[in-house]
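Work out the full structure, taking the sequences as your base and the hints as a guide.
Residue numbers (my numbering), protein chains in the order written: chain A, 60 to 413; chain R, 60 to 413; chain V, 60 to 413; chain S, 60 to 413; chain Y, 60 to 413.
By construction, these hints were calculated from the structure, which means they are not laboratory data. Please note that the accuracy of each hint is not assured.
Put simply, identical chains are the same to the list, so a pair is met inside one copy or across any two.
What the hints assert, rightly or not - Lysine-lysine pairs mimicking DSSO-like chemistry, simulated, CA-CA at most 27 angstroms apart: (1) 242 with 70; (2) 70 with 185; (3) 185 with 132; (4) 132 with 220.
Here is how the chains run, residue by residue.
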Amino acid sequence: MATLTKKRSQKAGLPAGSLVHIGDKKTDRTTIKIIVYNQEMFKEIAFEELGAHVPFLNKDSVAWININGIHDKEIIENIGKLFSLHPLLLEDIMNSDQRPKMDEQEDYLFITLKMLSVEGSPSLIKDDQLSLVLGRGYLISFQEGETDAFSTIRDTIKNGKGRLHRMGPDYLAYSLMDVVVDKYFIVMEKLGEEIEALENELIKNPKQGTLRSINRLKREMIFVRKSTWPLREVIGDLERRGSALVHESTVIYLRDIYDHIVHVIDTTETFRDIIAGMIDIYLSSASNKMNEIMKVLTVIATIFIPLTWIVGIYGMNFDYMPELRARFGYPVIMVIMVAIGFLMVFYFKRKKWF
Amino acid sequence: MATLTKKRSQKAGLPAGSLVHIGDKKTDRTTIKIIVYNQEMFKEIAFEELGAHVPFLNKDSVAWININGIHDKEIIENIGKLFSLHPLLLEDIMNSDQRPKMDEQEDYLFITLKMLSVEGSPSLIKDDQLSLVLGRGYLISFQEGETDAFSTIRDTIKNGKGRLHRMGPDYLAYSLMDVVVDKYFIVMEKLGEEIEALENELIKNPKQGTLRSINRLKREMIFVRKSTWPLREVIGDLERRGSALVHESTVIYLRDIYDHIVHVIDTTETFRDIIAGMIDIYLSSASNKMNEIMKVLTVIATIFIPLTWIVGIYGMNFDYMPELRARFGYPVIMVIMVAIGFLMVFYFKRKKWF
Amino acid sequence: MATLTKKRSQKAGLPAGSLVHIGDKKTDRTTIKIIVYNQEMFKEIAFEELGAHVPFLNKDSVAWININGIHDKEIIENIGKLFSLHPLLLEDIMNSDQRPKMDEQEDYLFITLKMLSVEGSPSLIKDDQLSLVLGRGYLISFQEGETDAFSTIRDTIKNGKGRLHRMGPDYLAYSLMDVVVDKYFIVMEKLGEEIEALENELIKNPKQGTLRSINRLKREMIFVRKSTWPLREVIGDLERRGSALVHESTVIYLRDIYDHIVHVIDTTETFRDIIAGMIDIYLSSASNKMNEIMKVLTVIATIFIPLTWIVGIYGMNFDYMPELRARFGYPVIMVIMVAIGFLMVFYFKRKKWF
Amino acid sequence: MATLTKKRSQKAGLPAGSLVHIGDKKTDRTTIKIIVYNQEMFKEIAFEELGAHVPFLNKDSVAWININGIHDKEIIENIGKLFSLHPLLLEDIMNSDQRPKMDEQEDYLFITLKMLSVEGSPSLIKDDQLSLVLGRGYLISFQEGETDAFSTIRDTIKNGKGRLHRMGPDYLAYSLMDVVVDKYFIVMEKLGEEIEALENELIKNPKQGTLRSINRLKREMIFVRKSTWPLREVIGDLERRGSALVHESTVIYLRDIYDHIVHVIDTTETFRDIIAGMIDIYLSSASNKMNEIMKVLTVIATIFIPLTWIVGIYGMNFDYMPELRARFGYPVIMVIMVAIGFLMVFYFKRKKWF
Amino acid sequence: MATLTKKRSQKAGLPAGSLVHIGDKKTDRTTIKIIVYNQEMFKEIAFEELGAHVPFLNKDSVAWININGIHDKEIIENIGKLFSLHPLLLEDIMNSDQRPKMDEQEDYLFITLKMLSVEGSPSLIKDDQLSLVLGRGYLISFQEGETDAFSTIRDTIKNGKGRLHRMGPDYLAYSLMDVVVDKYFIVMEKLGEEIEALENELIKNPKQGTLRSINRLKREMIFVRKSTWPLREVIGDLERRGSALVHESTVIYLRDIYDHIVHVIDTTETFRDIIAGMIDIYLSSASNKMNEIMKVLTVIATIFIPLTWIVGIYGMNFDYMPELRARFGYPVIMVIMVAIGFLMVFYFKRKKWF
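And the structure:
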């Protein structure tokens, strides 16, 4: 969330389908991991073994090609040719400034979504784009970040436990998306904790920085919403319309993800409302502090300004001021002034000023 | 409403269908109550009698299995096997951080919704999740809280009064949901009373704490809305589309519940608007108080500062100041000062400052 | 609008269809007026003559049973049996905390809506619930308030003037609803007048009470909207879908009512916007008043505080202060102070402070 | 826009279809202009010639009956009988407090919309209601205002230029509506100019009156929106659904009007946003002015209050105050005070207070 | 964005289809460039060669007629005749105060949209209207600005690289629109940079001008949104419904543009939210500054006003004031005053005022 927009201007004017990487380069080398598995077997294949035509597809097994690092134009183009993907799709994969979306073609289904993670304190949300190409017998996943978020899934397949190794690439795609959505919950949890910390700060000691923190949270919330709202449509669409590439038994899992996303969105809305209330409290506490300050000033000034006038009177140098000659002039005037002072204090007490 | 989000992070990375209890553990022991009834008979069955296949189902009677305590993975799994429920569904039952939703499967209908109750003063809204599985001839209800909110319903069935014991499990499900929705009204009543109390406080003696109370109410309102909005969709859907598991004569009752939920939602919206107006009044009363303080300060300062200057003049030590020698210099200056004071007061009166 | 919510908690836990009166009891005795009419005849019937089966129905005449007072469970139940109405419907009739709604059954059409009236100054909006059961050849109308709003309609039928006595019970139902909607316009007129009065007050002399009045109006607006929005749906639905119980020639009249309700809703929206603007003006006028006060204080203090310092200087008791001995020391210092005063005034004039 | 609502209460209780004029009476005499034309001929007919049945209808010519002045019940009734119009429709024509709407009957199409004009400075928006009855071979147009906005259209027909005299009454109706919508643009232009003038005032010299002007503009915007939003639906509906009374070649012209109305609505929305921003600036400039005032007060008070204390010290009458006797006591104290004064000024300069 | 509305009033009263140029005249001469191309050939044609009927249409080639300068009525009329375009369409082309829209006729498809560019600092958004007429075998593009934004496209065709010269006029239309949408991203990037600059200014040194800059950005955002929202509908419509004039293989490119526009709209919404937060911070920082000022005043006044009273006491001229005679009266009183001063400072320190 360092900058508000990613630099797309470099691409302006280029014809459609031009492959330009947009976004931060997060890794130096592109890593490609390919595994082929079904209920009976599991093997890893080097990318170089692939050759011109992909031998292991359209069979009784699932091939998962996972690409870390999407900034290398050549590799993306190679994969595009190998699986005959549309140039626009490759463009979308390399452009990480992309809204979550789905595109169904005859032979494959393209889904792109945002992975969010949260770091540091105050928290900073980072995003990475995950693009999935789901075809008959294979799934290709693209992301830029080096961290292999999906290693547990690979392990699960390898160990042959759970449902994963018995089911098709659609279930694998679901599993990846499930990991992504689970991360949303972690982000929301972190933001929720920060909101609660800020609420405490607001009550105990609000300062100018508090408002800025509140606004930072608001911006991160906008960021989460921007990633989740379109995803909701994507998954909702897929679940409702179905697809030849998604097995019927997987649809119930998609619905589950859909429910989770809606839950995340609900939470962002709740957080927004809470943040709006916090801003109200902040602004009102600032004006309350002002009231406190003004009360102090007013009390002091209102008590002492009249008294100062009185002492001024008896500092005048008139020749004929009988009080000045009086034996008890001084103590009487002092008593009168103390009395006025106490009356003032009493008046302010009744007005509940302190 | 202690924390904003429930800890779901513990579940991140686990494969779909993993049974993990999310939410507060509210009871130690899981209690299972099973009753079987129809128009002629009523009997209670111990859970242990159930065996591997459920003997009393698909018949002319209704079986109601009520489970209090959803944190025990084993029991939930057992029930899942017994009624061949989908693992995702069991996951949803154990995860109390769930949006109200409905899921129709071939053999059963799954509904999950929130029970709200209100406690203490200032009120604290508590929620518990009620999950219903409506099958042919049976209804399973899951909740975590120990309080048996449904004992009156069980009594009604036992006594054979009313419509309940003559009708199927769908009507029983309706009756449970009706109890839940009735509780919403109680919550709204309590919140309405607190709003009115706060409105009085606002008019009589607004303080910083008032705004915090208003915001607390706003948050509880958000909480209620989060529980009721999705439920409206759920019930509305069920009523419109119908289901093989819901008898036609029950649909009119669902519509009745639907109307009640819409009514609750309407009330939350009204409350929101009222609360927004209260915040306006609060902020304006703070600035009015400031005006009052400033007026006091200004009146006092404006009257006495010029007078203090005058007495200062005659406190100067110039050798040649004829007034100082004058016989009536002192009384004349005093009269002038009093006159100035009264003019000032008169001026402020005309400006309606006090 | 005395309280925000009507006490429904008394009903919680009761089975569906339990008849409990919810709302204020506005009349002691229940009055039932029955008239039967068609183009040729008009007769009044006592309720007691009705007997077990209703003799005058399903014929060439229209029977209008009007019930004032819905708190008497027994009477409502009797009528329910006589016309074989669903228990839930009777429950709705007795529960005056109801959203406007329509329910079509095979033999009758049930519509419930809110009658609004406005009283006193500042205006207080009162509501009464009107429930209509439109069957073949009859119309039953229920309300709680004693005031017979429909006497002019009864007279029109009796006198055989207008369209009413030539047409069926659906047109009678329309006529009753038309009376109700006409009352909405009266309420809006009254509110509009109050808004204009408040706008004048705002410009001339805004006080803390003004904001409270504005908020009261806002709440009444919310109240009107709550009654009219759902009614719009109800009538719009009826008009679009039609019904076997509503003659085609009556549909154009329903559309007319529909337009009127939309007009009322439009006006509430306009009023809301105007009220929002009034709150802005109020808050800004409060801060303007503060500015005025501060200006007075600042002008006075800024002029006299430096002058007081000057006179203080010449009140010092140093032995060697040549000015004090000077022949024209005093008048020169006085002239200097007056000059400083005028310079200050000139400065503030140029800054347009007064 | 003098009053917020038009008096409709006089109509409450009257049966549907009662003809009561609601709105301001803008003209004394009702003027009726009838012209009949087609590609070959053009003639004017006096209303009195019409007789009981309309001779010139349903032929190869277009008859345009234009009525100025809708407050005369008798004339409206006559026309109603002549063209067998529904009583409700006549009621709508006479009631100028009407939402723009369309009603299609078998033999005619009824459209009512608002003509807006803007007058004076500050601008005042005036409205007049235009009702159109489009039948086979004829168009009746009703308005109340005397100003004949449609004279240019009549001239165009007379001169036989343009498309008008070759086409049917539907195109004539379109032409009238086009004139009305063109007037909306003029109103928006005027409002836009006023907004710009107010923006300048805001930057140069905001005063309390500025906010009231902003709010007046906001209200006029609401007024325009209220007239245009429903018209958009009306025209959009007509264009989409078509009508037996509207020739296919006219539909493209309706779409053109539709686009214009949407454009007007867009502009009102833009103006709303701009006005909201202006209110922010106004409120902030008020608080900035306050800051300026407070700074002046604080600078003066903070410099002179300590200095006054110092001179007070040396005005004390203690017997033993060695400084008073010192030869350079007075000049030294003066230098110290000037130094303190400059330090203060320097401090405020660094704090960027002036 | 110099003025809020473009002068349309000059057109009021003219019959539909009157050709009047509305908008700024940006170029003196109208330039027409015609190229005809297909996969094999490329030739440029002078407008004068066109003759009465267009010879090169409906063939295996694409003709692109690009018109720069739309203020010349005659030329537009000529082209209209040549391609038999509807007069309303020509009117729309010449009226640059137009909402983006699409109109499908039997023989051609008409699309009009806004080109945005951003200039200077602070940025000023300029718009130009691009109208496209897509027919069988030809595309006509109209804009007013002289800058040939499409020269790269012409070069691409000439060089025979890329997909362009192999595909029909629909793909050419897409390419032009793609250029336009790419420019939106550049505009958003520029605005994003300005928002970030303003955020820094807000934190470091907010001034009255900052708020005006924020509001200027808000207005430019409204301007962008007004251009993009309707375009989204236009492209979405075209993509969904398809058209005989748009080849199936082009539809996927339209979807790509659609996604880009939605992305731009998303970004404007994000920017709106951020700007709203900035206004909050601005207003709160103004009130914080006030608090700072008030604190300084209060601290100074509260310390010195009581002290001034004390020195005033010992400046009184009473004959009997024993303290005045005391040997250590003066130093004792000084110590007392310093002590009071330190106590006050300590009190304010504890209250965290400085």
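Is it within a copy, between copies, both, or neither that the alpha carbon of residue 70 lies no farther than 27 angstroms from that of residue 185?
-> both (23 angstroms within a copy, 21 angstroms between copies)
- Query: What label fits residue 132 with residue 220 when the C-alpha limit is 27 angstroms: within, between, both, or neither?
  - Reply: between (37 angstroms within a copy, 19 angstroms between copies)
Under a CA distance limit of 27 angstroms, which applies to residue 185 and residue 132: within one copy, between copies, both, or neither? within (23 angstroms within a copy, 35 angstroms between copies)
- What label fits residue 242 with residue 70 when the C-alpha limit is 27 angstroms: within, between, both, or neither? between (31 angstroms within a copy, 10 angstroms between copies)
In summary, the structure agrees with every hint in the numbered list given earlier.
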